[in-house]
Amino acid sequence: MEKVLTKNIQSDLSYVDVKAYEATGGYQGLRKALSMAPAEVVEVVKQSNLRGRGGAGFPTGLKWSFVPMGSDAPHPKYLVANADEMEPGTFKDRWLMEGDPHQLVEGMAVAAYAIQADVAYIFLRGEYLLSAERLRRAIAEAYENHYLGKNILGSGFSLEMYIHMSAGRYMCGEETGLLNALEGKRANPRTKPPYPQVSGLFGKPTIVQNVETLCNVPHIVKNGADWFKGLSYTQDGGTKIYGASGKVKRPGLWELPMGTTIREILEVHAGGMQDGVRFRGLLPGGASTDFLVEEHLDVKMDFTEVAKVGSRMGTGTMIILDDQTCPVGMVRNLEHFFAQESCGWCTPCWSGLNWAEKALTALEEGQGQPADLDHLSFICNLCAPGNTFCALAPGAVEPLQSALKYFREDFDRHITEKRCPWSSQ
Amino acid sequence: MLSPEELKEIEAEFPHYPNRQAVCIDAMKIVQKHRGWVSDESLKDIAELLGMSVDELDGVATFYNLIFRKPVGRHVIMVCDSVSCWVMGYERLRRELKNRLGIQMGETTADGRFTLLPIVCLGACDRAPAMTVDEDLHLNVDPQRLDSLLEKYK
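Protein chains in written order, with this note's numbering: chain A, 1 to 425; chain B, 426 to 579.
Just so you know, these hints were derived from the structure itself, not from any lab.
Computed from a prediction, not measured in an experiment: that's the story for all the values here.
From the three backbone atoms N, C-alpha and C, an ideal C-beta is built for every residue, glycine too.
Treat each hint with caution, since some may be false.
Per label pair, the in silico range of CB-to-CB distance [claimed, not checked]:
{"no.": "1", "chain 1": "B", "residue 1": "Pro429", "chain 2": "A", "residue 2": "Glu133", "range": "19 to 27 Å"}
{"no.": "2", "chain 1": "B", "residue 1": "Asn565", "chain 2": "A", "residue 2": "Gly272", "range": "17 to 25 Å"}
{"no.": "3", "chain 1": "B", "residue 1": "Asn444", "chain 2": "A", "residue 2": "Lys150", "range": "20 to 28 Å"}
{"no.": "4", "chain 1": "B", "residue 1": "Asn524", "chain 2": "A", "residue 2": "Glu144", "range": "23 to 31 Å"}
{"no.": "5", "chain 1": "B", "residue 1": "Gly484", "chain 2": "A", "residue 2": "Ala140", "range": "31 to 39 Å"}
{"no.": "6", "chain 1": "A", "residue 1": "Glu133", "chain 2": "B", "residue 2": "Ser464", "range": "23 to 31 Å"}
{"no.": "7", "chain 1": "A", "residue 1": "Ala140", "chain 2": "B", "residue 2": "Lys458", "range": "14 to 22 Å"}
{"no.": "8", "chain 1": "B", "residue 1": "Arg520", "chain 2": "A", "residue 2": "Glu133", "range": "32 to 40 Å"}
{"no.": "9", "chain 1": "B", "residue 1": "Pro496", "chain 2": "A", "residue 2": "Gly230", "range": "51 to 59 Å"}
{"no.": "10", "chain 1": "A", "residue 1": "Leu297", "chain 2": "B", "residue 2": "Lys523", "range": "34 to 42 Å"}
{"no.": "11", "chain 1": "A", "residue 1": "Glu365", "chain 2": "B", "residue 2": "Ala535", "range": "39 to 47 Å"}
{"no.": "12", "chain 1": "B", "residue 1": "Gly484", "chain 2": "A", "residue 2": "Glu2", "range": "48 to 56 Å"}
{"no.": "13", "chain 1": "A", "residue 1": "Leu297", "chain 2": "B", "residue 2": "Ala535", "range": "48 to 56 Å"}
{"no.": "14", "chain 1": "B", "residue 1": "Gly531", "chain 2": "A", "residue 2": "Glu2", "range": "46 to 54 Å"}
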């Protein structure tokens, strides 16, 4: 399989400098983009069927097409890389930023050109110190080589690029929460409309895009939409960085064609389950996705196919549940995370998720009652999409509602046995 | 009073944003880098520099878990408590850390050496359990070998 995103990444994860990056075709995407009209760049990304890799899977070219263009458009316009990777179980963007930082810089420059942005920020989570160091070096080299700054490669297009390191909190990864954090505020979400493409950072047109999504952009421009679609097994274009964590033999990350099956990722690349444990289920794309089980192993991991079986591909990094691990304990850990990370802005989220954590803790400690399961189902409905101000709570109840569906007997045992059946281990 | 060094670093951020308030998180992180935490006095100095009210700035400070509004030890240990690390042994690691250091989560050792905190997913899920000590990321942490891991942090 042709490696696109990871072809420069060294096995010892050493820094790939501008010369090494150029040697494999780096910055050819930017050169080509600068010779096209911005609208043509948007069009090729639209045709490629590139969908956002941050979790939501929104079509990238379509998102860019909503940015006001032309001489009457408000300025400055902004391009923001969402490098706030904090979805539990997700570790792919870190690999891309540490392993090939110029790829992100080039992707951001091309995207910024397409929407005629003036300033680009990398909103980077504060814990990713090595990524910050690598990106600072790459940005400095890019400026030196006229890939950033005033009059890039003599094109007349200028772009300044800065890194902002966050001070924590999962809500900074939510598009409008991120914008508030970048403005020096609490990372509460904003009402939409207006959408950030029209009124975003400091009230100006802004595109916020995931790191992996942006890394695909130079390759699409350089090689064309048909090439990108041809890399995939399904309708969603390109390759995907897939991952697996939990009790598998080889947890890790792999770049594979979009639409690779769950079974192939789990059994071939991750080496299957460790000795002594058996597969029970998985969260296909990070903490905020619905559980899938044995019957779903042949599902193709793309946005459409996973949605058909009632879950989401999300970030594409799978969290595996084995038979020696308590599903109720796992869900309690997840709801502890989501309850803690609730920004507090809207009641169903901050209240509902905290009550969910309380009920799950009671179950784990052998204090659970049958009414607790009704209460947990109630909270799942309370936090459905459309009932809350942003998608944190609807995402939070995905593992909960699916665990109640697939692992109901385990919840019941906690109640009837008045203990966690796994607690002796 | 902010030091000349702190002022210089904060002012270097000004050209990156269209207004001063946007620098407030960077400013607090800079002060914390120099002093270990953000005191009420530092908060007041930063607010004044950036043209914000102290209440507004404290509202921002207390939202973000990586900004410390209480003193911390010489070294801050942050142990990941998210799902993949939980599957791979977080609870055992936490128990060992608490026993070894003699403190609860959120506390500092009596000698001022270590503060122990939980942290959310560090993005190292394939080498869990993970934790950070100051700026160092520790992977595949063995709860039985904490003494040698912590030894270098005086």
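Do the hints match the structure? See the list:
1. At roughly 25 Å, the beta-carbon separation of Pro429 (chain B) and Glu133 (chain A) lies within the given 19 to 27 Å, and the hint holds.
2. For Asn565 (chain B) and Gly272 (chain A), the Cβ-Cβ distance of about 20 Å falls inside the hinted range of 17 to 25 Å, so the restraint holds.
3. Between Asn444 (chain B) and Lys150 (chain A) the C-beta distance comes to about 23 Å, which sits within the given range of 20 to 28 Å.
4. For the pair Asn524 (chain B) and Glu144 (chain A), the beta carbons lie near 52 Å from each other, so the given range of 23 to 31 Å is not met.
5. Restraint check, Gly484 (chain B) to Ala140 (chain A): a C-beta distance of roughly 35 Å satisfies the suggested window 31 to 39 Å.
6. Under the hint 23 to 31 Å, the C-beta atoms of Glu133 (chain A) and Ser464 (chain B), about 29 Å apart, fit the expected range.
7. Ala140 (chain A) and Lys458 (chain B) have their C-beta atoms about 21 Å apart, which keeps the hinted 14 to 22 Å range intact.
8. Evaluation of the 32 to 40 Å hint for Arg520 (chain B) and Glu133 (chain A) yields a pass: the beta carbon distance comes to about 33 Å.
9. Taken as a hint, the range 51 to 59 Å holds for the pair Pro496 (chain B) and Gly230 (chain A), whose Cβ atoms sit roughly 58 Å apart.
10. Roughly 39 Å separates the CB atoms of Leu297 (chain A) and Lys523 (chain B), a value that falls within the hinted 34 to 42 Å.
11. The given range of 39 to 47 Å is broken by Glu365 (chain A) and Ala535 (chain B), whose C-beta atoms sit roughly 31 Å from each other.
12. Gly484 (chain B) and Glu2 (chain A) have their C-beta atoms about 50 Å apart, which keeps the hinted 48 to 56 Å range intact.
13. Our hint of 48 to 56 Å for Leu297 (chain A) and Ala535 (chain B) holds, since their Cβ atoms are close to 52 Å apart.
14. Gly531 (chain B) and Glu2 (chain A) have their C-beta atoms about 49 Å apart, which keeps the hinted 46 to 54 Å range intact.
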